[in-house]
Every structure is written in C-alpha cells, then in structure tokens.
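Undergrad: Protein sequences appear in the order of chains A and B. Going by my numbering, the first sequence opens with residue 1, and the numbers climb by one from there. Going by my numbering, the second sequence opens with residue 1, and the numbers climb by one from there.
Just so you know, the hints here were simulated from the structure itself, not pulled from any lab data. Please note: incorrect hints may appear among the correct ones.
Each computed DSSO-like pair below joins lysine-lysine, with the alpha-carbon atoms no more than 27 Å apart [to be verified]:
{"#": "1", "chain 1": "B", "residue 1": "K147", "chain 2": "B", "residue 2": "K212"}
{"#": "2", "chain 1": "B", "residue 1": "K23", "chain 2": "B", "residue 2": "K328"}
{"#": "3", "chain 1": "A", "residue 1": "K147", "chain 2": "B", "residue 2": "K142"}
{"#": "4", "chain 1": "A", "residue 1": "K215", "chain 2": "A", "residue 2": "K202"}
{"#": "5", "chain 1": "B", "residue 1": "K147", "chain 2": "A", "residue 2": "K142"}
{"#": "6", "chain 1": "A", "residue 1": "K202", "chain 2": "A", "residue 2": "K328"}
{"#": "7", "chain 1": "B", "residue 1": "K205", "chain 2": "B", "residue 2": "K215"}
{"#": "8", "chain 1": "A", "residue 1": "K142", "chain 2": "B", "residue 2": "K142"}
This one's a predicted model, so the numbers in the text were calculated from it and none came from an experiment.
Number of protein chains: 2
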Amino acid sequence: MPANQQILLDNRPQGEATVGNFKLVTTDTPALTDGQVLVRHHYLSLDPYMRGRMNDSKSYAASQPLGEVMIGGTVGEIVESKHPKFKAGDQVVGMGGWQAYSVVNADQPGALRRVDTTHVPLSYYLGAVGMPGVTAWYGLVKIIAPKAGETVVVSAATGAVGSAFAALARARGCRVVGIAGGPDKCAYAVNELGFDACIDYKLHKDMYSLAKALKEACPNGIDGYFENVGGMVLDAVLLRMNAFGRIAVCGMIAGYDGAPLPLANPALILVNRLKIEGFIVSEHMEVWPEALTELGTLVATGKLRPRETVAQGLASAPEAFMGLLKGKNFGKQLVRLV
Amino acid sequence: MPANQQILLDNRPQGEATVGNFKLVTTDTPALTDGQVLVRHHYLSLDPYMRGRMNDSKSYAASQPLGEVMIGGTVGEIVESKHPKFKAGDQVVGMGGWQAYSVVNADQPGALRRVDTTHVPLSYYLGAVGMPGVTAWYGLVKIIAPKAGETVVVSAATGAVGSAFAALARARGCRVVGIAGGPDKCAYAVNELGFDACIDYKLHKDMYSLAKALKEACPNGIDGYFENVGGMVLDAVLLRMNAFGRIAVCGMIAGYDGAPLPLANPALILVNRLKIEGFIVSEHMEVWPEALTELGTLVATGKLRPRETVAQGLASAPEAFMGLLKGKNFGKQLVRLV
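One chain only, chain A, in its complex shape (with noise of 0.2 Å):
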C-alpha cells in the first residue's frame, strides 16, 4: 500500500484560524478488508464551513476533532478495490479529508458516488456540480422560490455557490446581483457569471452606504437574499428587503472568528413580514439527485462556466484555507493532490 499524507487539526484557533492550526504527518495506509476501497484524491475541496468545525463550541455539526484527519470532499480514482460494484479507475466523489488517500467503507450509504466526466471536469463535483451547488439550489429553489421577474441578491457572489446561483436563478428568470469583494470580482461576475450587477462592498463603509448602492442594483427591490457571509452586509440587504421577502441562510463567514455579530434591526422581519431560514445541505439528501442533475446540464451546455482556484499539493491546503477565508480565492477553492 502507498504511503499516506494527511493534514490533522492539532489545535484550536484562538480568534482567526492559522496554519498552526494543522499539522502534516505521513501514515501508512492499511490494508482493504471485504467491503473497501482504496481511493486516490485527485482534488480536494476547501469551504467555509470547515472554519466552524475548528471551533470547540456547540454547532449544528461535530466539532472537528483534534489530532484527526481534517474533514473535506474530495474526487478521485480508485486504485484497489474490495467491493463488488467498484472497480480500479472509477472516478468517485466523496469525503476523503485532507489526505492523499482515503480507505473507504462502500457500502456505507452516501460514502461515495460515482462520477461521469464526459461533459463535466472532476473537479467540478466539488463545485457547481457538488455540495455548493447543491446548497446553491437548495437556498434559491426550496426558500427563496423566486417567481421570474423578482430579484435575488446572493453575497460572496463569485464563490462556488454564488456562481452556481447566478446561473440557476437566470434560469427561472430573476434579476440576480452580487455581492463580492474588489473590482476583479465584480467585474469576473458581470461579465463571466451573468449576473445583472454586482456591488463591491470594500467601497462601503456602513449599511447605509451599501443600501444606497443596493438600491441602485435593484431598482424594484430584494425579494431574495442567499446569505454566506452575515454582518453589515445582511444589515444593507434587510434594509431593502421588499414584503414577503425570503432569505435563505447558508453561512456567516463575518462573525467565525470571535464574538457573534449583532443584526442591526430584526424588527424589519415584522415589518416587511419576512421569511429567515436557516439550512444545512447534508440534511436534504432527498434534493441532491434533482439539482444535480439541473447543475450539470448548466454546466454541459456552457451555461455554468465557474472558475477554480488550485494550490497543488497537500502541504498548501492549510494556507489555501486562510485565503479562502480572506477571500482571496477567485471561485472554487481546491487543493489539487496529484
């Protein structure tokens, strides 16, 4: 068996997550027993919610455990196989963790899913045609619900999912603006992304300011807002909310490194008589074949063209994660392995 490198969570973040957080060992593989396989990661995907699991406190996920292999999806190529209906050379998705290699327990539902890269890249089950886009249809189609002709606003608008819900929104004919940070990003999302505007925040320095500029954006107002990101821009957003408006909730990247961030005025639910929900993508597996499939003809037929940003090696994951966190990443994040 190969040998094996993996990234374990060694300490706790105090305030903003370091690459002192991680530590790099190299391990043995074991040897497959009945039932398993042997995958090799080709790619590894870096996202958001992994910063949450790094903290010890009460969330909706176990919280990352110190000393194991950091969680995260992965595609690759089985190289061994113990189980009958996977075979050396399958392309497969699945949860490998920051590692080279991950020995897997097929039968274990979910575990993995094999992929078909005739019309769509591998990487790409990491991204728009994997979990954040799949959060992406989830938040647009399940709670936003948007009629055509509405406008949704979606913040960290050139990331995995803000892409993947540019292209599902136009789909259903809605007006869609972005939120992102830097002119490079506005522009990426106009003028790649389709989206019909997009607000750089870094030009803001108070909700007041990006609600004028929202404003602008949308002209007829917000009936649907996708938040990753919370803090003064969900602040700006509720402040032009329209009635009857939805927010879906995905993330809060703005307040993971410290003390909560407050909501500047919840009495505007009550008066716009809005609608906040709060989701997790793992738990609506049932969606997953649907949007899938949606995502992957977008993508197919040149309608979803997101862009990737690759650090290569194992060894440059935890780096690549603080950019990502910063927002310094143009797209999808992923860590190529081989």
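Following the hints, complete the assembly by docking chain B onto the known chain A.
TA: Showing chain B alone in chain A's frame:
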C-alpha cells in the same frame, strides 16, 4: 343624530408616546346615506400595533394621519340602518376607531361583522375571539405548526394574544411556557390560563440569566416561539431554540419608541436551522373563519377564560394605552364607551 366624541392623533411621539399626542373633540354625527349604518360603540380595543401607526416611518401599514380619528377595533350595536342586511339592535364588530359612534358603509367587504353573544361576551370579539385570538392562531398553526409533545413559548404571555396562544397550544398537546412581567402575571398564567410554566423576565438582568430560566422551564428545549416583544427576550429564547425551531414574529414592542434593538446572535439561525417569519394577521383573512370557530369553541367550553382590563370612558383611552405599552394591563385592554 347624536353628538360624537372622538380622539384624534394630534402630534407624533418623540421617543415614548404620551397622552399629549392625542386630542379629544366633540363633533356632529353626519346623517346616513343609503347603504350606511350608525354604530354605537360599546368597547374600543387597545392594541400594541397602534403604537407603530403613531410613527411617521415607513412600515407595513399606512401611518396614522395627524388630525384624524385614531384607528381601532370596536364592538357595538347598530342604532340606525340604511342597509337592507343590518337592522337596529344588531351587535357588530368593526374598525370604528377611538370614538363613541361610527358611520359605516356596510357594503364594504370586512367592514362590519355581525356577532352572536349567546355563548361569547360581546367584548371577547375584540380579544380571544377577535383579532388577537386569530393572531395567536395564525402564528401557532401556520408558522410554528407544532407537533404534540413539542415545547412552545410566548412572550407577553398574559395579554390577549398570549392567553389565546396558551389555550390553542394546549389543545394541540404542547408544553406551553410563558414569559411575562411580574409575579402576579406569572401566577395568573399558570393558575388560570393553563401555562405549564411562566417566567418573570423582570427578575433577569441579561439574556444569559433569562436563558438559564428558560432552560429550567423548557427541559427539552424550545421548538416554537411566538414573539411579541423583541429585545433581550428574543436573544434569550434564541439561545434555547432546538434544531428546526420556528419563530413567529408578531410584534417587537420593545423597539417601538426609539432606535432599533439589535439581535445579539443571528448566527444561531444557521446553527439551529431556524425558520423565522414575520406576519400580520389582517393579510391572512382566509384563516379567520376557521380560527374564530376554534377560538369561540374554546371560550364556550371554558377552556379559554381570558381576563380583561377595562378603562371607563373614551377620555381614559390615551392613559390606558400608555399603560398597555408599559405592560400595566392584565389581559386584554379595553375601553368601555357606554
């Protein structure tokens, strides 16, 4: 025609509302034209929503115009009719406003509803079997939608909405916990209204202390919350909500007088995958018949026995309204006009 007494909104509050914001005038009652009826009001309803209408700010409802009769629900008796479907002596509920008499175009949909006082006292049509009761019904049934055995919580527990909420939730097999101000109200909630427990928020100086009391009163956590007040109470409840909890936002009286009251930790919406929904019962007229039928039955069978605080005479309405905003009333606040 009889002379009419009316209370007008004379000027808008700067911060807290005061009796000086109102003006009592005596006017002539105009002669009826075809299709109109003259109603003598027996009771005027005082409700927290009126405070919002006194402000000039943009809200869901038109602001109360200066110099006009204050908006308000009324029950009374028709004393003269030029409408074929109503006759003198009919008991009716409507939105007659803060005045002794009103002239009503009875053809206008929803303007007047004839009521039966065989099993339900006339004044209850402004409370348990009226708008406040339907408000409790909508939030509980349509937003919280509890299962038997779940725990639901309501703030302003002994008010008109809270007391109806308790009876409706008990009928659905829920554990019902109230939050109210002072030991007398809390004892009344448990001894007369059927709450399983009631917490005196005045004993708690911050959200953590109140959250601790909620933990004791709700050992299985909180599945549904009906929000009437906002502020610290909402912050404390959020700390105790179970995964997939539902919050119906009906009022945020804590913030009516001034600057918006922030919500301390909105990330809990995501952590616990909560659904939070604001609503106004007048926008859901389709549920009124079903809700009023259930509420009337609860009253007629003695399962809902709300208390009333009755001020005597129209001139006492402003002072009684100030008391309502400060929680001085006990149960439904009315003004008796006959």
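Undergrad: Among the hints numbered above, which are violated by the structure, and what are their numbers in rising order?
TA: Failing hints: none at all.
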